[in-house]
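This is what each chain is made of:
There are 6 protein chains.
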Amino acid sequence: MRIKIIIPNASKAFLATQVEKRRQAAGLGVDVDVICLNEGPVSLEGGVDEALIGPPLLVEARKAEQEGYDAIVIDCAMDPATRAVRELVNIPVTSAGEAALLCALGLGDRISVVTVLENTARVIEDRIRTYEFQGRVTSVRFADVPVLDLEHTDRAAEAILREARKAIDEDGADVIVLGCTGMSPVAAFLQQQLEVPVVDPAVAALTLAESLVRMRLSHSKKCYLTPPKKEIVGKQFKDWGL
Amino acid sequence: MRIKIIIPNASKAFLATQVEKRRQAAGLGVDVDVICLNEGPVSLEGGVDEALIGPPLLVEARKAEQEGYDAIVIDCAMDPATRAVRELVNIPVTSAGEAALLCALGLGDRISVVTVLENTARVIEDRIRTYEFQGRVTSVRFADVPVLDLEHTDRAAEAILREARKAIDEDGADVIVLGCTGMSPVAAFLQQQLEVPVVDPAVAALTLAESLVRMRLSHSKKCYLTPPKKEIVGKQFKDWGL
Amino acid sequence: MRIKIIIPNASKAFLATQVEKRRQAAGLGVDVDVICLNEGPVSLEGGVDEALIGPPLLVEARKAEQEGYDAIVIDCAMDPATRAVRELVNIPVTSAGEAALLCALGLGDRISVVTVLENTARVIEDRIRTYEFQGRVTSVRFADVPVLDLEHTDRAAEAILREARKAIDEDGADVIVLGCTGMSPVAAFLQQQLEVPVVDPAVAALTLAESLVRMRLSHSKKCYLTPPKKEIVGKQFKDWGL
Amino acid sequence: MRIKIIIPNASKAFLATQVEKRRQAAGLGVDVDVICLNEGPVSLEGGVDEALIGPPLLVEARKAEQEGYDAIVIDCAMDPATRAVRELVNIPVTSAGEAALLCALGLGDRISVVTVLENTARVIEDRIRTYEFQGRVTSVRFADVPVLDLEHTDRAAEAILREARKAIDEDGADVIVLGCTGMSPVAAFLQQQLEVPVVDPAVAALTLAESLVRMRLSHSKKCYLTPPKKEIVGKQFKDWGL
Amino acid sequence: MRIKIIIPNASKAFLATQVEKRRQAAGLGVDVDVICLNEGPVSLEGGVDEALIGPPLLVEARKAEQEGYDAIVIDCAMDPATRAVRELVNIPVTSAGEAALLCALGLGDRISVVTVLENTARVIEDRIRTYEFQGRVTSVRFADVPVLDLEHTDRAAEAILREARKAIDEDGADVIVLGCTGMSPVAAFLQQQLEVPVVDPAVAALTLAESLVRMRLSHSKKCYLTPPKKEIVGKQFKDWGL
Amino acid sequence: MRIKIIIPNASKAFLATQVEKRRQAAGLGVDVDVICLNEGPVSLEGGVDEALIGPPLLVEARKAEQEGYDAIVIDCAMDPATRAVRELVNIPVTSAGEAALLCALGLGDRISVVTVLENTARVIEDRIRTYEFQGRVTSVRFADVPVLDLEHTDRAAEAILREARKAIDEDGADVIVLGCTGMSPVAAFLQQQLEVPVVDPAVAALTLAESLVRMRLSHSKKCYLTPPKKEIVGKQFKDWGL
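First to last, the sequence lines map onto chains A, B, C, D, E and F.
When the letters of the first sequence are read in order and numbered with our numbering, they come out as residues 14 to 255.
When the letters of the second sequence are read in order and numbered with our numbering, they come out as residues 14 to 255.
When the letters of the third sequence are read in order and numbered with our numbering, they come out as residues 14 to 255.
When the letters of the fourth sequence are read in order and numbered with our numbering, they come out as residues 14 to 255.
When the letters of the fifth sequence are read in order and numbered with our numbering, they come out as residues 14 to 255.
When the letters of the sixth sequence are read in order and numbered with our numbering, they come out as residues 14 to 255.
Hints listed in this document are in silico derivations from the structure and should not be mistaken for laboratory results.
Among the hints, erroneous ones may be present.
One copy or two, either will do: identical chains are not told apart, so a pair holds if it fits within one copy or between any two.
To be verified - Dumping the calculated BS3-like pairs for lysine-lysine here, alpha-carbon to alpha-carbon at most 25 Å:
(1) LYS179 <-> LYS234
(2) LYS76 <-> LYS25
(3) LYS242 <-> LYS76
(4) LYS235 <-> LYS179
Construct the complete structure from the given sequences, taking the supplied hints into account.
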């Protein structure tokens, strides 16, 4: 089984901090390739970043299907362009935010998400409402740490831990969902400190992708219809081969 | 008062069929400029189109604010990149799908949307859930007419009318929301045929924008936070000046 | 365009404090007549007041339609008898509470209403549930200032401001909706003090009424059916001409 | 125990058809007095009727408390002015629509209401949303029989039966709630014909009132606050002693 | 009328503390028999207890119907096996948790439940979601007093009172529902101390059962279908006569 | 990794038809042991069966943890006693109904469940509401085939297929969830016939259990609290070692 993990930003440096964690998380006999994009914002932290990342993300997703991968992981907890990618390809597509929530929903009644910035929290709240999970999500908190500062793992971990504890003590959370896949390197530390399950969205998305491939299930094309062919105007889009 | 209406696709031909309707809809003393984009899909009909249109739409939105417009209308019933545009600018931003729903919510208990394609319907359903309006929207139907075929107004109008009647008779709709701003030219015909209010999303968005300007209200920057500055990689984005 | 604004209480003194604000809020070329009722409680602050105000409000609404007005505004944030008035007349009817909520729903994710008394808050909460907006309204607070004390604008403004700040800081409100049209005179002051949009319900209802007239839209008579003719017993009702 | 049942319309003829059914429904040792109002519409079938009935209904409710009754029943399935009556008095107040829904919620998962006219159905739907019971109510149907035609029991019963059967077969109803207390005389016939429980709202409200008295429970005055004293202007209101 | 109250635990000592309260609560002419089970946990405080109690509870419920009782009360606020009992028998079955919530829903907008342990609270929260009452229930609190310690009434009452006050002051509760039928002996004390209605679930369930019998209503067998006959394996089940 | 799959009924014959499917579904390096219970109903089809199965299911779950299994699968789409099992053990517990829904929620917007009998459908609907997934589940249908008749695979498959097609065509389902783990042998046939994903609950629960073990995640003990120790009365419970 071959799975393509697409980190939808354009930071090689960020990629370098994540690859090993993804490889370790892969199942027996699962080949995992982890890439970031060649173009786009260097991190995804809000609605503007999400709106910019669409074209290069679609380019890589289409390529992954053409290269014969069995599944695609969109490795970002904001689930950017997830509907679009599923419209575009037929192989299973999991997305870190959605996968982490689905995992958490089976682990406790009340879920809290702890993400990086308030901008990010707002996009994640949009997704939670889109999925109609708001009745089970008791809060979306943010540690006020930009994605690219997550590499200062000690300080970042402390800030995330502080919000996670508030989620548990003040919001009644039974399960913590990390709201950024860049938190993967500090997930184990957080799990050690906290008495409730801590879901790493990057790992949840990879594991779910593997399960779908094993079950020979992909997203419903009745829901995610293949888009009608149409002209796309503009040199930039031509450059992308779109 | 000057309002910039951005039709977020790259079809000059489509633009030509819409400009007059928008000008007629403008209030006394309101200057309306209607543009489409220089790049992007020639029509917006689903998730893929929405994911592609982000960068050129943001470019035009930022420009509109810099040019001193008092408000921006995103003239598409799928509300593409609306959160992103609101993060980016401080002037009021209305969006056709959201504005039409807000208008319809004051006109009757049960709303149906009639849009162009099933792909489009799915994106609109996502938005309705994101706004938490699903308890008041009884159905989202589609006429199975691509956006660019809406200019064959007779055939298009018949197909839309047929679905609107089903929405009223079978789904119990009290109000019909047209689910594509390209339906503006047939809106008057549809209103004549139907005994319930028919909301034209292009007009609803323009009218709401004017009202916001008059009330000196804009979207909450506490909700739509100005994005942190960051590097955006790639020649395409450089071309766009992003 | 001629719009009749009906303040549904029987206080000429209160009326006097409001007329100018409404006139200022009217659009270009819009004639606005503002009246209060000849009978009824001198202010509307809870369920009992709402139950008493029905007959004189219906009398004035019917009269407004007969006089050829283009739209009616029910100038009270509790939306008293709004369904009844819409059943009775065919011209557009906006109501201050509903109009303010519809406006606010387009400005931010989480709305708080700040009204006068707890009794009033309870009626407004009923309305929010009736409209199924509870998922977007994070709190309904009250300043504990009776309607007729709003004319002591300084003290009233301070009390409202205090609750609005709590709504923002403790409840996470992105937008403040003033929960009484009598707060119109202090709305500008509140907007100056607060970093989030403050929606004046009186102005929202007037602006929406103008927009509906311009769009040639009125409420759905499929939803608000014209009532069957029937005998109404009693001298009081005869006096009212009902 | 003494209970005052107030039928909130002004038809002595209608009253005559209902009194016996209420007396039969009373529990051991319960004195029931059934009245209608001296003023108001002769039947309650929609929002306008509801808006008119407020003042005379409040008059009788206050009187009932002063006369020492132990509880008040508002004998109408639209629950007119129920909040107002509860604000006004301290003795328990049940209302036929609410009481019937509460009873039905314990008898099956999915409830359908069958009422008289579409106007009535719309008001009942408002109430269901206000109570947040919409997830359990699968439909509100109407037999298209005006209240005062219910005395033609055969024809009325057939029409109600037809809608109740559709509610069961098409909407999946487990329980039928009669949506008008004037249906009390045909309730036994309907129960014989239908395989699911049929809840008579008049009886449900009376039985609940008795239970509350026995349990020494009344509505929460924290929720239904006693209204502030205030001037009520107008000869009509003076006539009513308000 | 004869009603069988089944306390679904196996503690004769607990039974002894409750019988008198139930008898006092019975209506005129109502014969009440109160039993506990011969087997099972000595108290019901969470999911495990609920899962164990099924067989002996079904045995007693079937017996009660065979003995000619008019109704069954499941005297536990966790509503254990309520669906099962209703499938098994045709006579009305009320359950203390459900009955108390239905009663409370008619007394105020916002309900809080105060129960014994956190385990119990979790099961009650499950039920509230199953009934779709979560929009009206503002909190489920627990006094951290095991069921069998409720007989130390002073200490127990203090702990319950403390949580009830928090429910009112911090959660905005209008009505308190006691979340354990073992709290019946302290209900009167709590009602004296608190300014809002306090619903005793044991009494609510008994009163509702009486009302259903009087109304000749039972649960819908369309919803609670009689189970298909089938083999049950195992000596234990044979011992129970299942 | 060792996983214990507990089919919570007492039919060795049924077990024999399922074991092979479970073994085939297991991942690389995963040891799967599939058992049924020694006592209880021979199939689980409604609330009564669910209420009876608690004690023997808890016995086997506790034993599985003591035997050192890494996870437990409750192999029934009604999710019987799932809360209880999670309270009792610390190793991850997945349940077929819940796991299938979580899987399906990532594959399309609208889910339909197709189960065996109407009794079963009612229990599954309870669960869907308990999980607050009702906004995403468009229908729960039943093929009217008892569990033990599923071995007549042709007839059963036809009946299930017919309901699944109605779910797609009439209810708008994007994804079909099989509502009984006994449907596992016909799942492949159904998937061949249908154009939308078909989720086999037995496989979904096993796959999810494996993923949780790999992620070192288990259910939150803050949500599923270890039950307090207490006396359990009765020879039957003693026989079970409870």
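Verification of the supplied hints:
Proximity of LYS179 and LYS234 under a CA criterion of 25 Å is satisfied inter-copy only: 18 Å between copies versus 40 Å inside one chain copy. In this assembly of identical chains, LYS76 and LYS25 lie within 25 Å of each other by CA distance solely inside one copy; the values are 19 Å within and 31 Å between copies. Taking identical chains as interchangeable, the C-alpha atoms of LYS242 and LYS76 lie at most 25 Å apart only when both belong to the same chain, with a minimum of 17 Å there against 30 Å between chains. Proximity of LYS235 and LYS179 under a CA criterion of 25 Å is satisfied inter-copy only: 15 Å between copies versus 41 Å inside one chain copy.
Hint compliance for this structure: every hint is met.
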